[in-house]
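Trainee: Going down the list, the sequences are from chains A and B. Residue numbers for the first sequence follow our numbering, so the first one is 985 and each next one is one higher. Residue numbers for the second sequence follow our numbering, so the first one is 6 and each next one is one higher.
Hints listed in this document are in silico derivations from the structure and should not be mistaken for laboratory results. Beta carbons are placed, not taken as given, at the ideal position from N, Cα and C, and that holds for glycine. Hints are supplied without guarantee of correctness; some may be wrong.
What the hints assert, rightly or not - Stretch by stretch, here's where chain B covers chain A in the computed footprint (C-beta under 8 Å, at least three residues):
1) 1036-1050
2) 1092-1098
3) 1133-1143
What the hints assert, rightly or not - Some chain B residues near chain A, calculated using beta-carbon distances under 8 Å:
4) Val76
5) Ser138
6) Tyr142
7) Leu222
8) Ala264
9) Gly268
Said to hold, decoys possible - Label-pair restraints from in silico Cβ distances:
10) B:Met81 x A:Lys1084: 18 to 28 Å
11) B:Gln252 x A:Ala1001: 23 to 33 Å
12) A:Arg998 x B:Glu185: 46 to 56 Å
13) B:His112 x A:Glu1152: 33 to 43 Å
14) A:Leu997 x B:Tyr253: 25 to 35 Å
15) B:Lys246 x A:Leu997: 38 to 48 Å
16) A:Leu997 x B:Tyr272: 53 to 63 Å
17) A:Asp1131 x B:Ser66: 52 to 62 Å
18) B:Arg190 x A:Gly1056: 56 to 66 Å
19) B:Ser213 x A:Ala1011: 36 to 46 Å
20) A:Asp1131 x B:Thr257: 55 to 65 Å
21) A:Glu1027 x B:Glu10: 33 to 43 Å
22) A:Gln1132 x B:Thr244: 55 to 65 Å
Each chain, written out:
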Amino acid sequence: MIVHGRIPQQLYLRVRADLARRHEFAAERVGFLSARLGNRAGEERLLLFSDYHSVPDDQYIDDPRSGARIDGIAIREGMQRVLDTGDGLFHVHHHAHRGKPGFSWMDRNETPRIVSSLQVAGPDQAHGMVLLSDDFCIAHIWLPQSDQPVVASRVTVVGYPLQSFDAEV
Amino acid sequence: MVAGERFSRQSFLGEGAQAIIGNSIIGLCGQGGGGSHIAQQLAHVGFQHYRIFDGDVAEDSNLNRLVGATVEDCLMETRKTDIAERTIKRLQPDADVKVYSCRWQDHPEPLRGCDLIFGCVDGFGERRELEASARRYLIPLIDIGMDIHCVENEPPRMAGQIILSMPGGPCMFCLGFLNEQALAREGERYGDAGPRPQVVWPNGVLASTAVGIAVDLLTDWTRSLRSVVYLEYDGNRNTVKPHPRLQYIQVTACPHYPADQIGDPVYRRVA
């Protein structure tokens, strides 16, 4: 299964600006991207990001073992957003380095639990997690009814210039 | 096939530019006078992935402008998409060329997977449909077109346009290139337009400019392409310049293709 992610540049910059803000105690910020599937009948599925939702400061839990931990209210609001909009939701955060980023052990163990909750709210949508570095972007996607993620083969930032991040670099 | 010296004269495009070009998936809608030029130039530049749409076959009346077509193609009624594939493969034997001998609307899925689309279609209605699809699937679209208008007692006027339509930015309606009146007039004339005048050299100008915009968009070699492109071609004066309407366009968010109208259309619950 080939999945290409596409995100408008204005939205991409908005995500980066929000995640770059300092938090009182969390070492990093997280957010959620709304996304829709496209080209469901084609060989290449498309994941089209449409909106961004910042996590309010008071929905972070002070946990020194984690760069950023969010509370149940943030998760429930995400689930409600899935129900209200019919869109999928993607957990997004940033690792401060250049080059292709990789999900940490904590990311790979904790974020899928959030995805499971989102799948309950929207079983027919794609959900997942997006990771940014200073100059790269990757996405893991749980397609509808799937319990295993697929890696987006390409994520394209649609704007000037057109930037494509290929999973295989 | 990417030979070592092959692209040495375009190394100014930047480190990694050739890889970007080689990895990009390009959609070509229309393989007439404009599209055939574009296909050939893309192959020269080094593009490797193509999805080409056109339902027509070569005819005698095409030979004044269809790049790559031969007299034999007209006799054999060779499909225009096959001519394009042949032209590309002669320059890029290993290129991944997928051809669809039909209107793109009849087989839209492969087009949605493209990173960039060149629209070389006829008429306002075709342009509206292509732009609507490109916007829905977040694909930049470069549209080219030309026309020759005959005015009584005056020389014919040759005019054309190159438009880069970027999702989120001003669309062809915002730019005033498309409007409901023009679409309605075209609808009324449907079926009796007859053969329209077309020649090779304006198509070459428009296609070359469009390919230049595409390479810049992908490689950012000029580091100056940062907003909508709307160029007007004056074939009587041999000029290409920004359309004067651009200075009056103040679109921050396109009202015709809202940001939330993306992806496959689906039924939604009414609250």
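Trainee: With reference to the structure, classify each hint as holding or not holding.
Mentor: Hints versus structure:
Under the rule that three or more residues need a Cβ within less than 8 Å of chain B, the assignment of the segment 1036-1050 of chain A is violated, with 0 such residues. A count of 0 residues in the segment 1092-1098 of chain A with a Cβ less than 8 Å from any Cβ of chain B is obtained; the coverage claim is therefore unmet, three being the minimum. Residues of the segment 1133-1143 of chain A lying with their CB closer than 8 Å to a CB of chain B number 3, which satisfies the three-residue condition for coverage. For Val76 of chain B, the interface hint is violated, since its Cβ never comes within 8 Å of a Cβ in chain A; the closest pair sits about 37 Å apart.
Hint status for Ser138 of chain B: violated, given a least beta-carbon distance of 10 Å to chain A, over 8 Å. Below 8 Å, beta-carbon pairs count as interface contacts, and Tyr142 of chain B has one with chain A at about 5 Å; its hint therefore holds. Hint on Leu222 of chain B holds. Least Cβ distance to chain A is approximately 5 Å, under the 8 Å limit. The criterion of a C-beta within 8 Å of any C-beta in chain A is met by Ala264 of chain B, whose closest approach is roughly 6 Å, and the hint holds.
With a least beta-carbon distance of about 3 Å to chain A, the hint placing Gly268 of chain B at the interface is held under the 8 Å criterion. A hinted range of 18 to 28 Å for the beta carbons of Met81 of chain B and Lys1084 of chain A is inconsistent with their spacing of about 49 Å. Between Gln252 of chain B and Ala1001 of chain A, the C-beta spacing of about 29 Å keeps the proposed range 23 to 33 Å intact. Look at Arg998 of chain A against Glu185 of chain B: about 33 Å separates their beta carbons, and that is not inside 46 to 56 Å.
Between His112 of chain B and Glu1152 of chain A the Cβ separation comes to about 28 Å, which falls outside the hinted range of 33 to 43 Å. Judged by the Cβ atoms, the range 25 to 35 Å given for Leu997 of chain A and Tyr253 of chain B holds: they are separated by roughly 26 Å. Checked against the hint of 38 to 48 Å, the pair Lys246 of chain B and Leu997 of chain A fails, with Cβ atoms roughly 30 Å apart. Taken as a hint, the range 53 to 63 Å is violated for the pair Leu997 of chain A and Tyr272 of chain B, whose Cβ atoms sit roughly 32 Å apart.
Take Asp1131 of chain A and Ser66 of chain B: their Cβ atoms lie about 58 Å apart, and the range 52 to 62 Å holds. About 59 Å separates the C-beta atoms of Arg190 of chain B and Gly1056 of chain A, a value consistent with the hinted range of 56 to 66 Å. As the Cβ distance of Ser213 of chain B to Ala1011 of chain A is approximately 51 Å, the hint placing it in 36 to 46 Å is violated. A hinted range of 55 to 65 Å for the beta carbons of Asp1131 of chain A and Thr257 of chain B is inconsistent with their spacing of about 42 Å.
Evaluation of the 33 to 43 Å hint for Glu1027 of chain A and Glu10 of chain B yields a pass: the beta carbon distance comes to about 35 Å. For the pair Gln1132 of chain A and Thr244 of chain B, the beta carbons lie near 57 Å from each other, so the given range of 55 to 65 Å is met.
Hints 1, 2, 4, 5, 10, 12, 13, 15, 16, 19 and 20 from the earlier list are contradicted by this structure; the remaining hints agree with it.
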